[in-house]
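> First to last, the sequence lines map onto chains S and P. Quick note on the working numbering: the first sequence kicks off at 31 and runs consecutively. Quick note on the working numbering: the second sequence kicks off at 31 and runs consecutively.
For the record, the hints were derived by calculation from the structure and aren't laboratory data. As the structure is a computational prediction, the values presented were derived from the model and not from experiment. A portion of the hints provided could be inaccurate.
Straight-line C-alpha distance at most 35 Å; calculated DSBU-like pairs for lysine-lysine [what the hints assert, rightly or not]:
1) K69(P) - K174(S)
2) K69(S) - K79(S)
3) K79(S) - K150(P)
4) K150(S) - K79(P)
5) K174(P) - K150(P)
6) K174(S) - K174(P)
7) K174(S) - K150(S)
8) K79(P) - K69(P)
9) K79(P) - K79(S)
10) K150(S) - K150(P)
There are 2 protein chains.
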Amino acid sequence: MIGHRIPEATVNRLPVYLRALAEASSSSPTISSELLAEKAGVNAAQVRKDLSHLGSYGTRGVGYEVGYLMHQISRRLGVDNELRVAIVGAGNLGQALATYGGFASRGFQVVATFDSDPGKVGHRVGTTSVRPASTMPDVLLELKVDIGVVTTPASAAQSTADVLVAGGVSCILNFAPTTVVVPEYVALRQVDLGVELQILSFYRQSEVAPVAAGE
Amino acid sequence: MIGHRIPEATVNRLPVYLRALAEASSSSPTISSELLAEKAGVNAAQVRKDLSHLGSYGTRGVGYEVGYLMHQISRRLGVDNELRVAIVGAGNLGQALATYGGFASRGFQVVATFDSDPGKVGHRVGTTSVRPASTMPDVLLELKVDIGVVTTPASAAQSTADVLVAGGVSCILNFAPTTVVVPEYVALRQVDLGVELQILSFYRQSEVAPVAAGE
């Protein structure tokens, strides 16, 4: 089954399973779909269906082998090799991301930070020194950056994305509160923290559980 | 049609439309579904379908009235009145969120920040002074906090969520890289930044566009 198209909703849950498996790996070499479901905040039938897309069916009465399943999910997500991350915008959010413990433990290495503000250039952020934004075209190629994280103001987001794409970056995670456009061959995710709060607000006032997205 | 159940995928796009409309509002009093779609990064048929869930159908040849549509979406999202936010965990990410410009402009006011580290208590973060985490039970009720944002380490996330729920908070946005459990009447969203990168990584290596989640 490996190689077939995996539904978006399943892809979105695979990293959550991976995180839950990492938490569970110290306590037992196997895990039931029920326990994995509980740790991931979904139901057991969903876990079994999602993992069947990886060709993983578990063993009746035993469940899944934790280490092997982590290997399978990591490989399918492409995080079995370390990916190189550049953060553009060394403000509060950029600094928070550069020092975020959850990246390194999950296969992402922040190799460069950039800012257009001369007052920020040269400052230590996480394990990097902030470089001038003007050096991006050379540095992105030199350091073979895989993923660009945009934490600039909205007004600079599109031009930053353009420079990242020209520098060979194949994935962009955009935190700036505006929509950016990239060529089709570039993977793009937008994370707008104001949007997240507004979605929450909807469910608060409607006081109904979300309708699960279909597959 | 107002009051019927809106699909999760539509709810997730409404804040993006609202942001695009705010960007467009200075240039024209009306907007076509095509232009709104372009600004929101979706297609026009999707826009028309999503907005029909609000009972908004636009006018042929004219499009949608920007101001009225913003009012409709804001009301449906419950952000037409200001919501009060508390941030728990005044590390880098908590500080980034407390000073994030995109909140205030979209109906969210950060009214309190908390940390369990005495070294952080009393420090200015955004418009608040960091309070001791031990004061949460009283302060949450006193300030009538609507939304709690969890930016603690993973190990403190569940206990923090429990205190937020006991303090009457009806929405929780969890950034800690672990799954927390809350009662059904509490709206919960989990934003794990490592998960976002792993999802990106999947689309990078598979080099296919995401399969859109159905409705």
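> Does each hint hold? Answer for all of them.
Okay, the hints, checked on the actual structure:
With a C-alpha separation of about 31 Å, the suggested pairing of K69(P) with K174(S) holds against the 35 Å cut-off. As the CA atoms of K69(S) and K79(S) are separated by approximately 16 Å, the hinted pair is consistent with the 35 Å bound. With a CA separation close to 45 Å, the supplied pair K79(S) and K150(P) exceeds the 35 Å bound. At most 35 Å may separate the alpha-carbon atoms for a hinted pair to count; K150(S) and K79(P) exceed this at roughly 45 Å.
Proximity of K174(P) to K150(P) is assessed by CA-CA distance (about 23 Å); at most 35 Å being required, the pair is judged to hold. Note on K174(S) and K174(P): the hinted pairing is violated, with a Cα-Cα distance of about 49 Å set against a maximum of 35 Å. Simply put, K174(S) and K150(S) have alpha-carbon atoms about 23 Å apart, close enough for the 35 Å limit, and the pair holds. Restraint check for K79(P) and K69(P): satisfied, since their Cα atoms lie roughly 16 Å apart, inside the 35 Å limit.
Between the alpha carbons of K79(P) and K79(S) the distance comes to roughly 29 Å, so the proposed pair stays at or under 35 Å and holds. Between K150(S) and K150(P) the CA atoms are separated by roughly 23 Å; this keeps the pair inside 35 Å, and the hint holds.
Hint compliance for this structure: hints 3, 4, 6 are not met, and every other hint is.
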